[in-house]
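Chemist: So the chains spell out like this:
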Amino acid sequence: MRPTFSIIAFTLLSGTGYGLWFLLGLGLAIEWPVCVPMQPAIASVVPLRFCEYPPLIGYALLAGFLMVTAGLLASLGHLGQPRRAWRAFSQWRSSWLSREGVASIVTYVPAALLALVGLVLLLPPTDETSVRQSVDHGVALQIMSLAPAAARVLGATLALMSAVTVYCTANIYSSLKPIRAWHNRHVVAAYLLLGLYGGALCLWFLTTWPAAMNHATGGREMPFVLVGIAVLAALGLVLKFLYWRDIDRTPPISAGVATGLEALGTVRSFEQPHTEENYLTREMGFVLARKHASKLRAIGLIAGFAIPGLLALLALALPATRPFAAWIAFISGMSGLFVERWLFFAQARHAVMGYYARN
Amino acid sequence: MTTLPPPSPKKLGLVIDLDTCVGCHACAVACKEWNDGGDFGPLPDADAYGAHPDGVWFNRVHSYAVQQDTPRGKRELTVHFPRSCLHCETPACVTVCPTGASYKRAEDGIVLVDEDKCIGCQLCAWACPYGAREFSEERGTMQKCTLCVDRIYNETLDPADRQPACVAACPTRARHFGDLGDAESAISKLVAERDGYALMPEFGYQPVNRYLPPRPRRDGCDAPKAPAPREETLDRDQLPSVLRWLDRALSR
Chain A
6 MRPTFSIIAF TLLSGTGYGL WFLLGLGLAI EWPVCVPMQP AIASVVPLRF CEYPPLIGYA
66 LLAGFLMVTA GLLASLGHLG QPRRAWRAFS QWRSSWLSRE GVASIVTYVP AALLALVGLV
126 LLLPPTDETS VRQSVDHGVA LQIMSLAPAA ARVLGATLAL MSAVTVYCTA NIYSSLKPIR
186 AWHNRHVVAA YLLLGLYGGA LCLWFLTTWP AAMNHATGGR EMPFVLVGIA VLAALGLVLK
246 FLYWRDIDRT PPISAGVATG LEALGTVRSF EQPHTEENYL TREMGFVLAR KHASKLRAIG
306 LIAGFAIPGL LALLALALPA TRPFAAWIAF ISGMSGLFVE RWLFFAQARH AVMGYYARN
Chain B
7 MTTLPPPSPK KLGLVIDLDT CVGCHACAVA CKEWNDGGDF GPLPDADAYG AHPDGVWFNR
67 VHSYAVQQDT PRGKRELTVH FPRSCLHCET PACVTVCPTG ASYKRAEDGI VLVDEDKCIG
127 CQLCAWACPY GAREFSEERG TMQKCTLCVD RIYNETLDPA DRQPACVAAC PTRARHFGDL
187 GDAESAISKL VAERDGYALM PEFGYQPVNR YLPPRPRRDG CDAPKAPAPR EETLDRDQLP
247 SVLRWLDRAL SR
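Chain order of the listed sequences is A and B.
The opening position of the first sequence corresponds to residue 6 in the working numbering, with each subsequent residue numbered one higher.
The opening position of the second sequence corresponds to residue 7 in the working numbering, with each subsequent residue numbered one higher.
Possibly wrong hints are sitting among the right ones.
With the C-beta cut set under 10 Å, the calculated list includes, among others, these residues of chain A facing chain B [stated by the list, open to error]:
(1) 162
(2) 178
(3) 182
(4) 282
(5) 288
(6) 361
A few chain A positions that, by computed beta-carbon distances, are all more than 10 Å from chain B [said to hold, decoys possible]:
(7) 14
(8) 177
(9) 272
(10) 319
(11) 337
No wet-lab data here; the hints were simulated from the structure.
Please read all numbers here as calculations on a predicted model, not as lab measurements.
Yeah, the Cβ is synthetic: ideal placement off N, Cα and C, and Gly gets one too.
So that you can see chain A by itself, here it is in the shape it has in the complex (with noise of 0.2 Å):
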């Protein structure tokens, strides 16, 4: 299949999104914020306790956001009739892209009322005399004490909703029979740890940010991240070893399979239906990837998942070299991907190419 790179951003850019939001959800669900009790004098007064949450949310939900936008805008520019887009809402009955469609806006609606609990109630800074000074507006202060259990749902929302919209988009991909390489049983699967490991590898550039974890957690979370990284990247090598094992065990559509003539003999094609490329040969008939597939799999993986792991592991041993290994991480892993991605659909075999007898 021609790998179109409006699709490779899409599914790329996208995924990564929906996974550090993914990451961002279930910190706000079980890890952040870190609640105190008041002083007591105020506390009498209003139940309410103090919370912090470190400015790695803020970034982790707009760094997903942006990541989300640019890959579902990408993939309107797959689109023929753009203009016409709306359209694709419709049919989540039966279609895996509407469901994606529709999944991918239902998103929106947790990360943007977590955006607005955050700009309203969290960013400006709570310390206690700011706290003090508003303690007369009791209804701000009720609202501020519900915030953590609102953040929390809505951190579990996200979660769930990111995991679900991942899960669209890659059987979109795996519901299509003609393409053996996506019809696999480890396609979906794919797609969800190389979400999540994406997003752990953004969520761990994004703490070298500055002032990205503030005393609210004093960093606890950071062992759990590069941990999760280190075994997101074992379980991806994995996972991508075993699907290429399997795709290469699965034999192309012959031309007596596809006519249906292989009763009658060894089939071959002498003459093709036209002279010049058309659609089908064009979109269906890409095969450069595969002339050069071992090296481009050793890239992907080593680039993809060895160095971001064994990084990840480094930074666990010595803390030092944190910020560093990140960046390095990130800038690895995402081209391993990329390549990764590219494979997924250069790779992939149409079964019409079996009438061109090309398989």
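Put chain B on the given structure of chain A with help from the hints.
Modeler: Frame of chain A; chain B shown alone:
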């Protein structure tokens, strides 16, 4: 609506006889001609008369050589193979469509694209293992065989002409049009008589169109070789001496 309608009793489709098809491409050309000028509007082309002509065709005629082992050695069967939309009963090209542009008609099973709803995502072309759909860069929408829906019900045409252009044009009558849902129709009987088959049924899309396999050749290759005439035996000792000498001389 891209969810499929309940199965219709009427299943319009084509039956293509691979025995009589001579690969003249008349079906492809007649299709292109009709769909350029019919109610459908021009079937798009890019650079039609230039160095690299490119365009949408609903018929593509492949040519294959089928090598067979016969008792008299190898032989090659030439099979011309027209490929077009099979108007499947459960087409994936319809269900993957996110907009409802791709649909299967409930009344006769024809698979069509609503050109005003198609967003040109091309997922339907990926979903079709038969290569029935071709995308037009010029229009930005997907194009496909309409089974000449603007001919077969067209009351301004002579009843004899109310059949797809490819069927009308075929000089060897290798293409037949009719209702494959009706077991008593002429083409259903033809399929039964000639063991017509569906393409790649393993995908489960249940194509309506059928292909009739080439008939067995009558070139005698399939028959085993006639046994070689047995050599006569000759007992030289029984011959008169002159002939015995002659036999010995000729045998040298």
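Chemist: Give a verdict on every hint.
Modeler: Each hint, compared with the structure:
no., hint, result
1, 162, "24 Å, violated"
2, 178, "9 Å, holds"
3, 182, "5 Å, holds"
4, 282, "8 Å, holds"
5, 288, "7 Å, holds"
6, 361, "8 Å, holds"
7, 14, "15 Å, holds"
8, 177, "7 Å, violated"
9, 272, "5 Å, violated"
10, 319, "42 Å, holds"
11, 337, "31 Å, holds"
Hint check: violations occur at hints 1, 8, 9; the rest are consistent with the structure.
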